[in-house]
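**Student:** Heads up: the protein sequence lines correspond to chains A and B, in order.
My numbering numbers the first residue of the first sequence as 1 and each following residue consecutively.
My numbering numbers the first residue of the second sequence as 1 and each following residue consecutively.
Be a bit skeptical, because a hint or two may be false.
Partial list, computed: chain A residues near chain B (C-beta under 8 Å) [unchecked claim]:
1) Gly28
2) Asn36
3) Val53
Think of the hints as simulated: they come from the structure by calculation, not from any bench.
The model shown is predicted, which means the values in this text are computed figures rather than measured ones.
By construction, the Cβ of each residue, glycine as well, lies at the ideal position given by its N, Cα and C atoms.
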Amino acid sequence: MKYLLLLVPCVIAAAAPFYNMMEPQLFGFPFYYWFNLALVPVSVIFIHAADVVEGDNK
Amino acid sequence: MSDLNVTATVVFIFFFLLVTVLGFWASRWRAGDLNSLDQWGLGGRQFGPWVSWFLIGGDLYTAYTMIAVPALVYALGAYGFFAVPYTVMIYPLGFVLLPRFWNVCAKRGYVTAGDFVKGRFGSKWLGLAVAITGIFATMPYIALQLVGMEKVILALGFKGEGFMAHAPLTIAFVILALYTYSAGLRAPALIAFVKDIMIYIFVLAAVIIIPYQLGGWSNVFSGAAKVFEAKAVAGAAATPPVAFAGGLLLKQAQLWPFVTLAIGSALALFIYPHSMTGVLAANNARSVRFNMKALPAYSLVLGLIALLGLMARAKGIDVKNPQDVVPQLFLASFPDWFVGFGFAAIAIAALVPAAMMSIGAANTFTRNVWRPFINANMSDKQESDMAKLISLIVKLGALAIILLVNTQFALDFQTLGGVIMLQIFPAMAFGLYTRKVHGKPLLIGWAVGMALSLCLIWIARNPTTGAFVPNWATPLGVTIYIGLITVTVNALVAWVLSMVIPNAGADETKPSDYLDAK
């Protein structure tokens with residue numbers, strides 16, 4: 001489960017063909033740019049979830 | 001010197017002097033006996049989560065990054081933005097590997113990746129392979145920090161002939177070498193606070209004020225798009241036609257290089273000696289885990305810095321060498337005093353990683369080359385003396401590359417360095433989790449990966465300029481990052497041979513060494 005959670009942001013980041021588009025725009029940013037930037041805090045959520053799932057088995 | 005921007009230079013020198021004082025004073029900060037490698041080279045492994053955050057952030061997001069990433073976005077648009085997915089991938093990966101790495105290193109007194117590999121697989125030759133790979137990859141990286149620094153010094157308006165042209169850079173670097181020599185890792189740790197705070201201010205100001213001057217973010221993107229389109233049209237009309245690969249989105253042909261370069265770079269990042277040095281300087285594995293969640297804040301900043309390339313396009317800044325784009329954008333957008341502040345931020349951002357890289361390389365040379373092969377009975381003092389000396393030599397070497405050879409040489413070797421750095425990934429990653437894959441096969445895998453990397457870099461080089469490029473147009477029709485191909489072959493060779501070759505070599509670590517201390 002821990003590894004699966006950590007894999008999710010990596011797979012999304014690698015899926016460039018799926019975010020390589022202009023629309024929908026946000027605050028004047030094309031999708032490609034705001035999606036990439038938004039992915040950074042999202043990846044932190046997944047890493048935190050992995051940390052919680054792992055609990056004390058470290 | 002008539003073109004010298006006096007206000008900017010005064011502000012620049014003020015901040016430079018400030019960090020110089022900090023650098024020398026650092027030897028007394030959280031004082032320890034600097035005659036031991038643990039103290040000089042790792043700051044005594046005592047940095048808590050927040051100090052580590054500043055230190056590792058200051059270490060990974062370098063001056064060269066701040067110049068080169070916007071330069072690539074300026075030149076090609078979307079492709080340069082690979083820095084963001086790349087830095088998204090490094091922390092989940094780091095979360096898996098680094099807490100285990102920190103634990104085993106603290107338990108066994110390891111200072112470098114080579115120490116770990118040598119202890120884990122009982123092979124000093126594998127330790128040596130890891131060490132020379134790391135040192136080789138680090139040298140050009142230090143040289144490129146100098147390039148970042150020189151770009152801003154030149155943009156202040158310094159002009160000189162011959163030796164004088166490089167005098168400010170040389171002085172800055174010699175000062176850096178001296179306080180690193182005396183204070184070790186404490187110097188960049190302390191300077192990192194100043195560096196990171198300055199960079200955050202610099203970036204916030206840039207991403208608020210410049211788009212405001214341009215009339216909003218949508219104008220930044222549409223303005224940049226117009227310039228890219230004009231370039232594509234001009235390229236198509238030229239005789240012979242020149243294909244222009246730039247644009248706001250990735251071209252079909254850029255997808256594979258983009259994705260593989262991001263993955264490959266992510267795998268390599270934390271095994272560079274300077275990254276490991278930063279991680280091992282933390283006080284426990286909890287601090288390391290905390291940082292895997294806190295460091296992405298810098299990735300966000302990096303993404304915003306990347307957008308400076310598009311802002312420069314929208315603003316109509318036209319430079320021959322894209323690496324001049326950030327300084328020129330600043331000169332065109334800000335009052336002199338803030339230009340001085342921004343340039344100082346970039347120059348200081350060169351000092352922290354340059355210090356860490358030279359310390360990382362020096363620790364590695366001392367522990368994994370000199371000690372096992374030349375003098376096995378080094379005292380603690382001899383070890384730290386040796387490392388101090390090597391840190392000086394490494395920095396002078398990097399300076400010599402920039403002054404005596406040229407920047408293209410450093411760039412070529414940086415490209416090669418990234419590819420070969422990956423070749424120690426199998427030994428590190430397998431080593432942290434299993435002993436089934438073992439020393440001799442890993443060494444053979446490394447050798448195969450290195451040889452293949454050199455061949456492919458040579459085959460893929462630019463046919464006209466001879467410059468090294470990271471990607472290879474495979475016979476299958478897709479272009480892929482060379483490092484990812486060669487590390488895959490490397491890992492497969494090691495894994496397959498591990499089933500054939502007897503598993504010799506003593507493992508001095510225990511499974512509990514990798515877990516958090518209870």
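**Student:** Go through the numbered hints given earlier and state which of them the structure violates, listing their numbers in rising order.
**Tutor:** Hint 3 alone not satisfied by this model.
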